[in-house]
Every structure is written in C-alpha cells, then in structure tokens.
Amino acid sequence: MKQSNPYWKERLAGQIPAGLASEIDIFENEITLRLNGKIDEKVFAETRLRRGAYGQRYDNGQRHDGITTRKLSYGRPELTKGPNTLWDAPGMQRIKIPFGGLNAEQLEVLAELAEEYSDGIAHITTRQDVQLHFVHIEDTPSVMRRLAAVGITTREACGNTVRNVTSCPLGGVCRDEAFDVTPYAHDCAAFLLGHPDTQDFGRKFKIAFSGCETNPCALVRIHDLGYVAQVRDGRRGFKVYVGGGLGTVPYQAKLFDRFVPVEELLPLAQAMARVFARLGEKKNRNTARLKFLVVKLGLDEFKRLVLEERATLPHDPRWTTPAILAEEAPLRPATLLQIESAAPGFAAWKADNVYQQRQAGYVTVTVALPLGDLTADQLRGLADLARTYVKETIRTTVEQNIVLRWVSEGDLPAIYAALSALGLNAAGAGTIVDITACPGTDTCKLGISSSRGLAGELRERLAENGAAADEAIRHLRIKISGCFNSCGQHHIADLGFYGVSRNKGGFAAPHFQVVLGGQWTENAGSYGLAIGAVPSKRIPATVSRITGRYVQERQEGESFQAYIRRIGKAECKLMIQDLAEIPPHATGASYYSDWHDPRVYTLGDMGVGECAGEVVSAIDFQLTACEREAFEAQLALEKKDVAQAAKLAYEAMLHGAAALLTWRKLGYGNTPDAIVERFREHFFDTQVFFDPFAGGKFAQYFFRAHERRAEARGEESAHRLIEETQLFIEACHSCYARLSAQPAKV
Amino acid sequence: MLRAALRAAGKGLGYIDMQHIHIKLFAEDAPAIALTDAIAVFHRWIQTSAVPGLLIDVADYSHVVHGPGVVLIGHEAYYSLDVGKNRLGLLYQRKAKATGGSAANLHEALKTARTAAALLEHEPEFSGRLRFRQDQLGVVLNDRLLYPNTAETFQAVEPILRDVLAGHTLLQSGDPRERFEVLATRA
Chain X
1 MKQSNPYWKE
11 RLAGQIPAGL
21 ASEIDIFENE
31 ITLRLNGKID
41 EKVFAETRLR
51 RGAYGQRYDN
61 GQRHDGITTR
71 KLSYGRPELT
81 KGPNTLWDAP
91 GMQRIKIPFG
101 GLNAEQLEVL
111 AELAEEYSDG
121 IAHITTRQDV
131 QLHFVHIEDT
141 PSVMRRLAAV
151 GITTREACGN
161 TVRNVTSCPL
171 GGVCRDEAFD
181 VTPYAHDCAA
191 FLLGHPDTQD
201 FGRKFKIAFS
211 GCETNPCALV
221 RIHDLGYVAQ
231 VRDGRRGFKV
241 YVGGGLGTVP
251 YQAKLFDRFV
261 PVEELLPLAQ
271 AMARVFARLG
281 EKKNRNTARL
291 KFLVVKLGLD
301 EFKRLVLEER
311 ATLPHDPRWT
321 TPAILAEEAP
331 LRPATLLQIE
341 SAAPGFAAWK
351 ADNVYQQRQA
361 GYVTVTVALP
371 LGDLTADQLR
381 GLADLARTYV
391 KETIRTTVEQ
401 NIVLRWVSEG
411 DLPAIYAALS
421 ALGLNAAGAG
431 TIVDITACPG
441 TDTCKLGISS
451 SRGLAGELRE
461 RLAENGAAAD
471 EAIRHLRIKI
481 SGCFNSCGQH
491 HIADLGFYGV
501 SRNKGGFAAP
511 HFQVVLGGQW
521 TENAGSYGLA
531 IGAVPSKRIP
541 ATVSRITGRY
551 VQERQEGESF
561 QAYIRRIGKA
571 ECKLMIQDLA
581 EIPPHATGAS
591 YYSDWHDPRV
601 YTLGDMGVGE
611 CAGEVVSAID
621 FQLTACEREA
631 FEAQLALEKK
641 DVAQAAKLAY
651 EAMLHGAAAL
661 LTWRKLGYGN
671 TPDAIVERFR
681 EHFFDTQVFF
691 DPFAGGKFAQ
701 YFFRAHERRA
711 EARGEESAHR
721 LIEETQLFIE
731 ACHSCYARLS
741 AQPAKV
Chain F
1 MLRAALRAAG
11 KGLGYIDMQH
21 IHIKLFAEDA
31 PAIALTDAIA
41 VFHRWIQTSA
51 VPGLLIDVAD
61 YSHVVHGPGV
71 VLIGHEAYYS
81 LDVGKNRLGL
91 LYQRKAKATG
101 GSAANLHEAL
111 KTARTAAALL
121 EHEPEFSGRL
131 RFRQDQLGVV
141 LNDRLLYPNT
151 AETFQAVEPI
161 LRDVLAGHTL
171 LQSGDPRERF
181 EVLATRA
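Protein chains in written order, with the working numbering: chain X, 1 to 746; chain F, 1 to 187.
Check before you lean on any hint, since a few could be wrong.
Only pairs whose alpha carbons sit at most 25 Å apart, straight line, appear in this in silico DSS-like list of lysine-lysine [as the list claims (entries may be wrong)]:
| # | chain 1 | residue 1 | chain 2 | residue 2 |
| --- | --- | --- | --- | --- |
| 1 | X | 71 | F | 85 |
| 2 | X | 9 | X | 303 |
| 3 | X | 42 | X | 283 |
| 4 | X | 9 | F | 97 |
| 5 | X | 639 | X | 665 |
| 6 | X | 303 | X | 640 |
These are calculated hints, taken from the structure and not from any lab test.
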C-alpha cells in the first residue's frame, strides 16, 4: 500500500465533483468495514467490482511454480476481498473511458498511476478501457480520486452493470459516417452511469455506437445494445440492434428498429434497462445476458415490452438536454504533405497507420500498441504530442490502439519522428500483424492458454515475414482469447483462436481452438466456428499454412471468408490435421509449456471468474455446451417444435454422460448405446454418480430418455424431459465436483 | 502537521520516511542478451526463493519498446530486467512499506538490488554477457505526493542520499511530471 494514501483526499479536495468524491469516500469506508469484518465478503466483492476493482490470477493464494503448487503466503491470509480472494493479493483496476476519449492531462495521470500503483504499464482493452494490473485494493481509493480529479470514473467498469460505452474512434472525422456519434455515446454513458434503472441486472450490459453500417470500428452487432447512425429525411436517428454478445455462445444482435430518432435514444435505453432488470435471468449467470432474454421472449415480444415500458417512463429532461461535450477542432491549420519523410519506415507507417479524414488536409494517426500495452513515459510522450500537434483529440480503439485525430498532414514527418523517439512508430495498424488478445493466463483467473504470449509470438513472426506487405493477407485480422469467454473477440476474426487444454500421456498441453470464417467488417457481421484444437506451439505454423493456402488457391477477388466457405469446414480441418497432433512428452516437452512461460503447463492455477464465466476446464466447457443444448431445447419447445426439443434435450444428456466418461479417460464407442453402457458401468453401478439425497434418480432420467429416444413425444412429455435433462446436467456437474476432490480413479 | 504541509499547495513531505524506493543498476555497455531469457531465470527464482520476499509471478513486457522488460512480481518488491528510458538495467522496486527509517530503507533497497544483480549476472542465461555498472545507479522515490520532483524534495532528502551514497555525485532529473529521480555517479 502506498504511503501517501491517507493524503490524497485532502490534496485533491475541491478538484473532484462532489458526487464522485462522495462515492469514493463511501468505497473507502467499505474497505475499512471489510477490513474490520463488518461487510460480508460476497457483498464487498460486488461492491469493488462495481468500482472496477477486479480479481487477478493467483489471488486465491496458490500458484503452480512449474514444480509444485505453492501457497502464496501474504501477510494477512485471513483477510479476503471476495470468496477465495485474498485481500493482499494484487488485483486489476479497470478504468472506463467512454467512447475511448482522452485528453493530455488524463494521459499524464494514467502514466502516474501506472508507475505508482501498477507495474509501469497501462493496457488498452478491446472495449476502449484502460487496465492497470497488480494494484493493491487499499490503493484503489487513491487511484480513483486521482482519476476523478481529471474527469474519469471507474464506476461500473465491472460487475453486473452498464459497462464502458464504446464508439467509433473516427467519429466526426470518418469519410463514411452518417454523422458523428460521439456526443450521443457520451450522453448515453453519462445518463446510464449510476442510473437507478441499471442497478439490478443479472449480468453485464454492453452498448456500442457506430457512425456507419460497414466499418468495424465499433462492432455494434456483438453488443447487448447497439446504435448505428442513420439520417432519414434530414433527421438524425439510429438503427438499433439488441441481444448481441460473444461469450461462450455468441449471439448476433437482432434488428430492433430501423430508425429511432435521436431524442428517443436515451428513453429507449432506459426502457430496455428496465425490462432487462425485471425479466432477465438472475440466478444462472450462464443465461443471464440480454441475448438470452431476447431469444427466450422472441424479438417481437421483447420489443413490445420495451415499448410498453417506454410509454410508462416519466419524462426526464436529460433525455433531450445534451451533456456538455466540447466540439473537436484542429489545433493547427490544414496543410498537405509536400515532401515525404526519408526516415526509415515512414512510408510503411504512413501507408498503414494514417487515415485521411474527410476534412481536407487532416489525417488521423493510429499509434499501434503491441498487445495494447504502453509505458508511463510513452503516455507522457503522447500527451506532449497531443498538445503540440492536435487539440488533445485522442481516442483508444477496440483494436487496443490509440489514435490522434486532426493531425495536419504536413506534420506527419515530425509526428513520426516523435513517435520513433517514444518507440511507438510501429507500422502495421489494422493489418494482420495488429493482433488483438485478451490478458489470458498472464493475469486472468479464467485463462487456459497464453493468449498474449501467442499474440506476441505471432506478431513478431508475421512482421519478420513481411506478412503485412502481402496484399492478399494484409488486412486479415487475428484475434486471440485465452479461454472460450471471447474477451479477445475471436469469433469475429478472420483467424480466431481461443485457449483450451488437452491431455496426452498424463501431461496437459496448452492448445488453441482454430476459429475460421468470422467477419470483422459490417460491424462484426458474422461469427466463425471452431474447426479443431492445435497445440499452442503449432499455431504460428497453422497461421502460415492457412494463409499460404489462401494466397495460392484464392480465386480472383475472393475474400478470405469466401475462400473458407468455398473449400468448406471439412477441408479446413483436414488442412490442419497433422498440426493438431502432439508428440509425446518424452520427445516434445516444449509442447507441454506455453509461450513465454517455461513452467510445466497446468490448469491448476485457474480460479473462479468474477465476470466472464465460472470455473473453466475441458469438462466445464462440455457441460456448458450441454446446458446450452438444454436451453435450445427450451427454445424449440417454445416454438412448438416438440420433436426438435426432445432431440436436443436427449442429446444434451448424452453429451453430459460422454463428458464425464472423457474426463475420467474411460474410452467408449461412438454410439449412444455404447455411451449409455459405459456410463452405467462406471458411474451408475458404482454409485459414484449418485446424489447424496436423490440417489440414482438423475441417472435413471438419462436411461429412460435413451430408451424412449425414438418415441414421438407430446408437448407435456417433452417439457418434462427438458426438466429432467437440466437435473441430469446438474448431477453431472455435482459428480464432477465430487470426484475432482478425490484421487483420479472411478 | 503532514496535512498542513500538504495544504501548502502541493508541497511534498520529503521529511518523512522514504518509502517505495526504486534502485536501478545499469548494465555495462550493450550486452548481447535477449530480454526474454530473463523469463526462465525469474521463474527459477520463484521456485528457489532466490531473492527476499513473497514472489508471485513473472510479467513479460519484452514487446514494449523502452519498457519494463521482464518483471518478477513480488508482494514486497518487484525485480526486473528493465529497459526504461532505453537503458538496460536491474530494477528493484519496493512496493510495500518498509519498517526502517529513510537511511535504513535506502540501505536495504541498495543491498537487495545489488544482491539480485549479482545473482542475475551469474545465471547461465546471462553468464559472462551481462554485467552491471558499479559506478552509477538510479534512485527513484515512487510517490509523487510525498516526493514530488522538485528542488524542495531534493533538499529534503539530499543529506540521506549523500550519507548512504557517499562518494557519488547526485543529479536530479528535470521533468516535473516524472517521479523524484536521482542519478548517482561515483566521483
């Protein structure tokens, strides 16, 4: 903890808006109360999450050091800041940056915080936030006060709240936009922050604004609520999308309304928040996002309920009184670049990183940040640049970069020179080398494989190979998540990867599922599908092979997605089949450790997630898939497709049984009969599946469903089958948990 | 008294105990080493508890130009093979509060940094190729509120620095936005 913590409140008195100051005081008091045992740890966990203070890997007090799992003996092991989360363990502080907008002073404060409370690095996220890692919980009030003094809040950066409102970083300067969405994103963020109608969600709620339909700057269709700018008869409004989201099971947002006038923007968001709070799932986090509610109710019914709610809302003057947001203007007169700089790398950098604004003589410069990271010195250097060359018009991007807007074109050589001095002159922004990755096993409790390690490795290799210069693959996007929760947005990449683990000969090895066919453009227009898992260490070869085949075999004008569609998923799988093989540990030990981490790979370091999901492992993933199938059975039943509902429910049971067999390494034949037989032998006859209270009842559900699988069912029967399926899957989870605590023998 | 001093328009509290001390021991010349080699070394240090304190994990920032390099994250302190300001060195960063007075804390930080540097020099990944200078080091007080980078702070802490770093000339860095930092060079 910092020595100066007791003094920042007084030092910044009068510089923090009163409401914000009071909120931070309250949070500080809650820290004290928790230290004194006066607040329950679960309540405190949600409290800190709503302030952006997250848990971090190893905060459960144990870590595998490559030889053994060791206890991390913090000074006060009895103190916790949440269930299984030690007080003194470092955590992550997420900092909301609405629409990614920053000024020079804010960059300087972020630099100070990175140096004084973190490890010297500020990290830009895929939702335009900034994150600081390794922050002590008792330092967070000081961090929050220093941010608040320059107009930044961390409120509702995490937890079941409206998260950072994202927006096009090119808003206002874009050549394709209908109009600048920035003020609307700003007002929406301000209006919903701390709003009483947004405080009782079962899950997080993400909002994005885009100025156009086509460009991928805002990724509207992966959001719970997305707005796309439209002009109709000279009137401004938005096309509204709802119910999108990635996560374990990605859902594409549905079109809610083709045109909502701007004055209806905020009341509509408020009405939607009310409906989500009232009807959204609260108990089961796996089905609590808005996307599940929209599917469950059906879009028409959801819309009816929202509009009904809208009609009852008492008028709020803030709906039509825009918050104050200074209109951007250039600092320097428009000039054209008369003479290209002769500096090494300038031409490539200009080709990749410079965007011609619609305002003649002005460009937007993208500062490409490796893995979204930058140092305190670099932040200060960017602040200087922002003051010298632009009117502090800075934005973060969902590609984990920073842009400087309103750069006079003639200043480009000077800006390039200044960025070079800061080590921020890398070319390749928006190309195949500009890889997005979530924190993964570096700091995330849910991480399975090292997404950042892989991203760093790929970035280096692709840059060395000049991949960004190859026009065919130059604009492909690579996105990597450390697990199936999609924080790295792998579903919408041309080449997406998400971390999984596989076992061979008793050794665990880090792998990545290869996801092909996602669409980054059209605001994340479609989602890719996994074609198979490849060892982490063979992902560079996988990228090389897939892109190489595309370059060789593509037809004239054929996009990567079209190529993948044409050759088909089966051929894609075949393409990487040999790469998916992993040598035994004895001859290929390097495959059993992760990128930039020489420790023997293990899943033992994973913990319980606070945001994106729950405990993760292969069987968890499989059982989650079973839950999804059971949910889809419900949806089918709602649509009166009884046969499909019964089929899905039965298959969910079958897959649950197979997951347990796989987990216990009990081989089984590839037929339902064989699965049932092995399950009966190893889990029912041995009674290891038996519930302490219900005995073998849940297994009997499964056996009965198997016997009756060919029968035609009525609606009531199918309904019962779905309920039994859910109970059976729960029993699978319970069995897994019980056996996990015992030596690995059935 | 401290609060009264704080109210004096951002004036620091240089006269209270120096905490959160950083020591950077600079590498000699330009060694032919890869930053990433430190990853395995630091993981071994965790396994063997090679340096004092609770050691938690290794953070790899080798991809960041002029950045923290590779950091051994600890509870009480971080150790890193750092390339901040484009100078390679062993950086010791005290995170937790120390219990001694200013001079004792500075002594302890120096001793721990030098021990870690010596260990690093002898690791097989660096053996013979990485040497740290004995004649120059950097000292940072990582708390802008208590130790702003001002002439007043320098005045306040100079006697302690001169006492502990006897025989060194002290040069304060100029940018007021930076933390209080002194480059100590043996005369």
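Hints, verified against the model:
Between residue 71 of chain X and residue 85 of chain F the CA atoms are separated by roughly 36 Å; this puts the pair beyond 25 Å, and the hint is violated. Taking the CA atoms of residue 9 of chain X and residue 303 of chain X, the gap is about 46 Å. The hint is violated against a cut of 25 Å. At roughly 15 Å between alpha-carbon atoms, residue 42 of chain X and residue 283 of chain X fall within 25 Å of each other, so this suggested pair holds. At most 25 Å may separate the alpha-carbon atoms for a hinted pair to count; residue 9 of chain X and residue 97 of chain F meet this at roughly 20 Å.
Only pairs whose Cα atoms come within 25 Å are accepted, and residue 639 of chain X paired with residue 665 of chain X is rejected, the gap being roughly 38 Å. Straight-line distance between C-alpha atoms of residue 303 of chain X and residue 640 of chain X comes to about 21 Å, which keeps the hinted pair within the 25 Å bound.
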